[in-house]
Amino acid sequence: MSETSLSKEETLIDRLKAQFPQAIKDTKIDRPLRVTVNFEKDHVLEISRFMCDELGFDHVKGVAGVDFPTQKRIEVLYFVGSYSKPEVQDLIVILKAELPRDNPTIPSVVSVWQSAHYHERETFEMFGVKFEGHPDLRKLLTQDNWEGPPPMLKDVKFPEMGQR
Amino acid sequence: MTAKPPTPPMTVNQTPQPSTLDVSVGPQHPGSGHCRILIRVDGDYIVSADPDIGYVHRGCEKIAEYRNYVSNIPHLERPNIADAIHLNWGYVLPIQELQGVEVPPRGKYISTIAAEMNRIMSHLYALAIMQGVFTGHTTIFMWAFGDRDLFIELAEMLTGARLTYSFLAPGGPRRDLPYGFEHRLLKLLDYFEKRLVEYDRIFFSNPSVVARTKGVGVLKREEAMKLGVVGPVLRASGVKYDVRKVEPYGAYSDLDFDIPTFEEGDSLARFLVRFEEMKQSVKIIRQALQKIPKGPIARKAPLVAPEGEATGRVESSRGEIAYMVMGDNSDKPYRVKIMNGSFRNLIALPFLVRNVHVADMPVIYGSLDYWPVEADR
Chain A
118 MSETSLSKEE
128 TLIDRLKAQF
138 PQAIKDTKID
148 RPLRVTVNFE
158 KDHVLEISRF
168 MCDELGFDHV
178 KGVAGVDFPT
188 QKRIEVLYFV
198 GSYSKPEVQD
208 LIVILKAELP
218 RDNPTIPSVV
228 SVWQSAHYHE
238 RETFEMFGVK
248 FEGHPDLRKL
258 LTQDNWEGPP
268 PMLKDVKFPE
278 MGQR
Chain B
37 MTAKPPTPPM
47 TVNQTPQPST
57 LDVSVGPQHP
67 GSGHCRILIR
77 VDGDYIVSAD
87 PDIGYVHRGC
97 EKIAEYRNYV
107 SNIPHLERPN
117 IADAIHLNWG
127 YVLPIQELQG
137 VEVPPRGKYI
147 STIAAEMNRI
157 MSHLYALAIM
167 QGVFTGHTTI
177 FMWAFGDRDL
187 FIELAEMLTG
197 ARLTYSFLAP
207 GGPRRDLPYG
217 FEHRLLKLLD
227 YFEKRLVEYD
237 RIFFSNPSVV
247 ARTKGVGVLK
257 REEAMKLGVV
267 GPVLRASGVK
277 YDVRKVEPYG
287 AYSDLDFDIP
297 TFEEGDSLAR
307 FLVRFEEMKQ
317 SVKIIRQALQ
327 KIPKGPIARK
337 APLVAPEGEA
347 TGRVESSRGE
357 IAYMVMGDNS
367 DKPYRVKIMN
377 GSFRNLIALP
387 FLVRNVHVAD
397 MPVIYGSLDY
407 WPVEADR
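Going line by line, the protein sequences match chains A and B. One rule links them: number in my numbering = place in the first sequence (from 1) + 117. One rule links them: number in my numbering = place in the second sequence (from 1) + 36.
Treat the hints as calculated values from the structure; they're not laboratory data. Note that CB positions come from ideal geometry on N, CA and C, so glycine has one too. The reader is advised that the hints may include incorrect statements.
To be verified - Distance windows between CB atoms, simulated:
{"no.": "1", "chain 1": "B", "residue 1": "H111", "chain 2": "A", "residue 2": "R148", "range": "26 to 32 Å"}
{"no.": "2", "chain 1": "A", "residue 1": "D147", "chain 2": "B", "residue 2": "V246", "range": "55 to 61 Å"}
{"no.": "3", "chain 1": "B", "residue 1": "F217", "chain 2": "A", "residue 2": "K202", "range": "25 to 31 Å"}
{"no.": "4", "chain 1": "B", "residue 1": "G172", "chain 2": "A", "residue 2": "D261", "range": "32 to 38 Å"}
{"no.": "5", "chain 1": "B", "residue 1": "H111", "chain 2": "A", "residue 2": "E204", "range": "35 to 41 Å"}
{"no.": "6", "chain 1": "B", "residue 1": "E259", "chain 2": "A", "residue 2": "R148", "range": "55 to 61 Å"}
To be verified - Pulled from the structure, derived: some chain B residues nowhere near chain A, Cβ distances all over 10 Å:
{"no.": "7", "residue": "V77"}
{"no.": "8", "residue": "G95"}
{"no.": "9", "residue": "I99"}
{"no.": "10", "residue": "P110"}
{"no.": "11", "residue": "S241"}
{"no.": "12", "residue": "K250"}
{"no.": "13", "residue": "V282"}
{"no.": "14", "residue": "T297"}
{"no.": "15", "residue": "V318"}
{"no.": "16", "residue": "K319"}
{"no.": "17", "residue": "T347"}
{"no.": "18", "residue": "K373"}
{"no.": "19", "residue": "H393"}
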């Protein structure tokens, strides 16, 4: 494909790869307007700052955890979008980091994206992911006397709801 | 009572002073919905606020992992019964994407009509409770609720239910437009357009309402983008962002409509965005009824979704609602993530209510149109 006919998804991936050749492990265009970027978790702050300041992705739509008990990992997904740059407003970039299941920690992106504040708190509560440097990491949705493990982990089962 | 420390990044004065007092607003619904807001007041001014949510959390995302794709539809639309079609539609889109199912054009038009009717109903609810009652205006409460019921009756005619429709399944809507529906809907729209003029006279141009809302809770454009707020709250701050235009779904790419935005960013602007959106919804429904093609309404979709993940989004009445659905070759999702407008707008509340009068808090809270159940999931 020639330089001129690069889609905006490909342009975005090229810029990210050029800036972070080590930190970006894998990229994928799921379909038009959806880009998934797998990255090394320790570089989350540099990548998010670059995306916010240089590429115009100024807010986080959500932070999701996904538990893979058999593979002993927890994935953290940041759904990132843009308000300020009209040409990439329609893109959703999914930044994906893999964390070890026994000690899931990742630097917090609240200093870059303030909008991630409550989303990170929710993921901390539901998956036990510790966001280092989060200004106020405490429980949000579960009741105060909930003492079990993070409820969204796959090994927390609710047999009364059926089989999974 | 001993209050938890308020959320730091948004507060100016976190440490309790001899002159401050901590007050718990809610959760027994004194205008806070089913959530609690811990406020620290100094005299009549709010120094800082910390929303304590989760009183109506029921683990929708966890339950979704136990149910198959189709039986997830009713319970995933329950978080917001005022806006059920949009919650339903947002969930169905990524499943269709995983399965590779395309809805026929007529199905898209029917979904669009149902969604815009739902937007009017939801905005009327917001106008009645969140805007009318919270500013102490009882007349608009009665009027808007009365008119909302007319739309509810038509929604019942179309879907079979008044509020929780479970109308859209993977593949398309469940029913075609019933006989006589179009005629009744057009008649209702004629009536409703006249009512909108009266709403303007009695509520939006009412000096007492304007005095309560103008310049109250101003969210500037830059702040709105930084906080990541969405929907009418964002558009009231001057950011033209609407999923119906940004990434058109359903029949929106064929239809002509505007995205109302305001520059002021205050509570009145947020009220007016919803008011203007109702006018646009009327316009959209009229066009859709005119342009609706003939043909099948739905395609058969498999019960199983293949491995992979998909993210779909729609513009709900409270802003963009996105669902990430992860399939694993079974009939149950491996993971469903809901990203909705109420949860994303929550961050604006502690930001907006600091350094305002206690009496202004209900107005600001109402202008955000925060739906606690949707945020808690």
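Status of the hints after comparison with the structure:
One distance hint, 26 to 32 Å for the beta-carbon pair H111(B) and R148(A), holds here, with the actual separation near 27 Å. Look at D147(A) against V246(B): about 47 Å separates their beta carbons, and that is not inside 55 to 61 Å. Judged by the Cβ atoms, the range 25 to 31 Å given for F217(B) and K202(A) is violated: they are separated by roughly 42 Å. Hint check: G172(B) to D261(A), Cβ distance near 34 Å, so the stated range 32 to 38 Å holds.
The given range of 35 to 41 Å is respected by H111(B) and E204(A), whose C-beta atoms sit roughly 38 Å from each other. E259(B) and R148(A) have their C-beta atoms about 33 Å apart, which leaves the hinted 55 to 61 Å range violated. With 10 Å as the threshold on Cβ separation, the claim that V77(B) sits away from chain A holds: the shortest Cβ distance comes to roughly 20 Å. Not every C-beta of chain A lies more than 10 Å from that of G95(B), the closest at about 7 Å, which undercuts listing it as non-interface.
Non-interface status of I99(B) relative to chain A is broken: a Cβ of that chain comes within 10 Å, the nearest being about 6 Å off. With a least beta-carbon separation of about 15 Å from chain A, P110(B) lies farther than 10 Å from that chain, consistent with its non-interface assignment. Chain A leaves S241(B) outside its interface by the beta-carbon criterion, the shortest separation being 31 Å against a cut-off of 10 Å. At roughly 25 Å, the least C-beta separation between K250(B) and chain A is larger than 10 Å, which holds for a residue marked as non-interface.
A beta-carbon of chain A is positioned within 10 Å of the beta-carbon of V282(B); the least distance is around 5 Å. The claim that T297(B) is not at the interface with chain A holds, since no C-beta of that chain comes within 10 Å of its own (minimum 12 Å). Residue-level check passed: V318(B) sits 26 Å from the nearest beta carbon of chain A, beyond 10 Å. For K319(B), the condition that its CB be more than 10 Å from all CB atoms of chain A holds, with the nearest at approximately 23 Å.
For T347(B), the shortest C-beta to C-beta distance to chain A comes to about 6 Å, within the 10 Å cut-off, and the non-interface label is violated. Distance to chain A contradicts K373(B) as a non-interface residue, since its nearest Cβ pair spans about 4 Å, not more than 10 Å. At roughly 25 Å from the closest C-beta of chain A, the C-beta of H393(B) stays outside 10 Å, upholding its exclusion from the interface.
Hint violations for this structure: numbers 2, 3, 6, 8, 9, 13, 17 and 18, all remaining hints satisfied.
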